[in-house]
Amino acid sequence: MLNDQFGDLRDLYQEVILDHGKHPRNHRHPPDANREARGDNPLCGDRITVYLTLGEDGVIRDVAFEGRGCAISTASASLMTEVIRGKTEPDARALFECFHDLCTKDDAEIDAHGPVDEDALDRLRVLSGVREFPVRVKCATLAWHTLSAALAGAGKISTES
Amino acid sequence: MPDAHRLRGQTHTTHSSHSSHSSHRPALPPEPYDVERVRTDFPILQRLVHERPGRLGKPLVYLDNAASGQKPRAVIDAMTRCMELEYANVHRGIHYLSQQTTDAYEAVRGKIACFLNAPSRENIVITRNATEAINLVAATWGRTFLEAGDEVVLSVLEHHANIVPWQLLQAEKGFTIKVVPCDERGLLDLDAYAGLLGPKTKLVAITHGSNVTGTVTPAAEIARLAHHHGILVLFDGSQTAVHMPVDVQAIDADFYIFTGHKLYGPTGIGVLYGRKSVLHQMPPYQGGGDMISAVSFEGTTYRPPPYRFEAGTPPIIEGIGLGAAIDYVESLGRSAIALHEHSLLERATRRLEQIEGVRIIGTAPDKAAILSFVLDGIHPHDLGMLADQMGVAIRVGRHCAEPLLARFGVEATARASFGLYNTIAEADALADAVLAVKEFFR
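As you go down the protein sequences, you meet chains A and B in turn.
Numbering-wise (the working numbering), the first sequence opens with residue 1 and increments by one.
Numbering-wise (the working numbering), the second sequence opens with residue 1 and increments by one.
Just so you know, these hints were derived from the structure itself, not from any lab.
Hints are not guaranteed to be accurate.
[To be verified] Simulated crosslink set (EDC-like; lysine to aspartate or glutamate; CA at most 16 Å straight-line): (1) Lys-173/B <-> Glu-151/B; (2) Lys-178/B <-> Glu-151/B; (3) Lys-438/B <-> Glu-402/B; (4) Lys-276/B <-> Glu-122/B; (5) Lys-22/A <-> Asp-191/B; (6) Lys-87/A <-> Glu-97/A; (7) Lys-438/B <-> Glu-356/B; (8) Lys-438/B <-> Asp-19/A; (9) Lys-22/A <-> Glu-122/B; (10) Lys-58/B <-> Asp-8/A; (11) Lys-178/B <-> Asp-191/B; (12) Lys-105/A <-> Asp-62/A.
[Unchecked claim] Far from chain A, by Cβ distances over 12 Å, these chain B residues were calculated: (13) Pro-32; (14) His-381; (15) Val-396.
[To be verified] Label-pair restraints from in silico Cβ distances: (16) Pro-31/A <-> Asp-428/B: 49 to 57 Å; (17) Asp-32/A <-> Thr-176/B: 26 to 34 Å; (18) Arg-123/A <-> Glu-439/B: 47 to 55 Å.
Since the model is a prediction, treat every value here as computed from it, not as a measurement.
From the three backbone atoms N, C-alpha and C, an ideal C-beta is built for every residue, glycine too.
Taking the hints into account, I'd like the entire structure generated from these sequences.
Right, here's the structure in full:
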């Protein structure tokens, strides 16, 4: 009944997304964070802050976020924090590139980005439903753009800029 | 069902015959508002949405009228007829078609004047949209008369279009912007407003109706208080001119603004009403053809208002369309439309109030048919997208009114806005969609 009512949106709002949207993981402000950035999607009113604790060896020791957006952006941020911890900055960026392709391209079009953590990418695949809904791509990638800004020390990004 | 069709067909015929000759006929006794007949005037309402091979579409429940209105057959036909039979450039042709088009276009100016009860067609400046109308006032009147030390009073209810033009000018001139607050219901604080007015205040620019809370502001009182200090008043009527009768003389506006596309007319045309004495003090807006009396390299003289502010080829086809839209709306009667839309607003409000977790943003007693709300634990963006799958088109986000959303402490809202063709069943469809979305996220 609900499946019929909401048509293809069941593919977008999978159980994992609903779960992470409702109960986001790592939704906190780590006291020892040494990098942070704010992400803003003014179109729909999503605002999040991503916190990083970057070790001297360049490994992301901890990653967390605050703020709430739509189910897609919250779930994406939550999943991101789970797959990014323990990665180096280049690994995290490579994963973002693959994830971005996942959200915007058909499987056939996705180019190889060199070695990435395939298990992590598999976990993120649950968000690939956004590719059918272009207006939601920004929701799914907001946390990752914000992470990227935090890694670069940029402090603040907006999806409209 | 066959009976209903027959009845619809009959009333439709009566309706179209008296709308096209409305000016030559004595006033007819008021008919009950027949929304089903009205709906047949809008081709787009017959279509389905989300239709795909192998999947049935859903009927369109269009509740985004505050963003833009759909177009009745009368508007579509008038614009087509203009392009097919009666089109040339205006104000400069000696030939037959140019004269005919000029007459038709200038007749629309007269229609707009009547629509607002303006003293004369010379009060009516035609712009590209409401935003340009406000920018026009800022760029001409504002740039001439505002200076450092002056104050401009806006309200927290404003759309960005009535904030940013003043900020742009403020950066140039250095005047101060003061903001009238509103209460929890979305009502302007008139005591605070009165307190903001003083010898430094040069302009009050306030919405006549909020596009988020739906609040209709007490325009006559706002103008009275401002005029007591000799301050000019501009009203942004984008949300009100479409929902209720507006009389610029009764409210004593110095400027009044609305837009064509929300009035079921075309995009690309807006209206600035200006008090004659004020328009005459204002320098030109843009330079070009049509706004000049004589041009030489030694010096150029400008035409009197309203033409002084209308450089270049105007929106001719859009003007014809707006004229048809005004005729159409007047044929239904703005009071009748307002009454109908209020019944929809009341129904939807009552239904939403009964849903646990719904918070309505804007509960003023006098509202345009706009219903903003948030749903506990569910982001408006998700709500809007899921409702859309059910065919219910609403707007979600910040509605170009970020200060107002901040005032209510929300990042975004869902907004349903009703138009003259919406039905009680559609108000119910909104509430049913909200319930279904709640269930989805449970």
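Checked hints:
1. Lys-173/B <-> Glu-151/B: Answer holds: Lys-173/B to Glu-151/B is near 11 Å, not above 16 Å.
2. Lys-178/B <-> Glu-151/B: 7 Å, holds
3. Lys-438/B <-> Glu-402/B: 26 Å, violated
4. Lys-276/B <-> Glu-122/B: Roughly 7 Å between the alpha carbons, so the hint for Lys-276/B and Glu-122/B holds.
5. Lys-22/A <-> Asp-191/B: Roughly 43 Å separates the two Cα atoms, so the pair is violated.
6. Lys-87/A <-> Glu-97/A: Within the cut-off at roughly 14 Å; holds.
7. Lys-438/B <-> Glu-356/B: Answer holds: Lys-438/B to Glu-356/B is near 10 Å, not above 16 Å.
8. Lys-438/B <-> Asp-19/A: Since the Cα atoms of Lys-438/B and Asp-19/A sit roughly 15 Å apart, the hinted pair holds (cutoff 16 Å).
9. Lys-22/A <-> Glu-122/B: Outside the cut-off at roughly 58 Å; violated.
10. Lys-58/B <-> Asp-8/A: 14 Å, holds
11. Lys-178/B <-> Asp-191/B: 14 Å, holds
12. Lys-105/A <-> Asp-62/A: 30 Å, violated
13. Pro-32: Since the minimum Cβ distance to chain A is about 34 Å, Pro-32/B lies beyond 12 Å and the statement holds.
14. His-381: For His-381/B, whose nearest Cβ neighbour in chain A is about 4 Å away, the distance does not exceed 12 Å, so it is violated.
15. Val-396: With a cut-off of 12 Å, Val-396/B comes too close to chain A, as the shortest Cβ separation is near 7 Å.
16. Pro-31/A <-> Asp-428/B: 49 to 57 Å: For Pro-31/A and Asp-428/B the Cβ distance comes to about 50 Å; the hint holds.
17. Asp-32/A <-> Thr-176/B: 26 to 34 Å: Between Asp-32/A and Thr-176/B, where Cβ atoms are some 44 Å apart, the hint is violated.
18. Arg-123/A <-> Glu-439/B: 47 to 55 Å: 27 Å, violated
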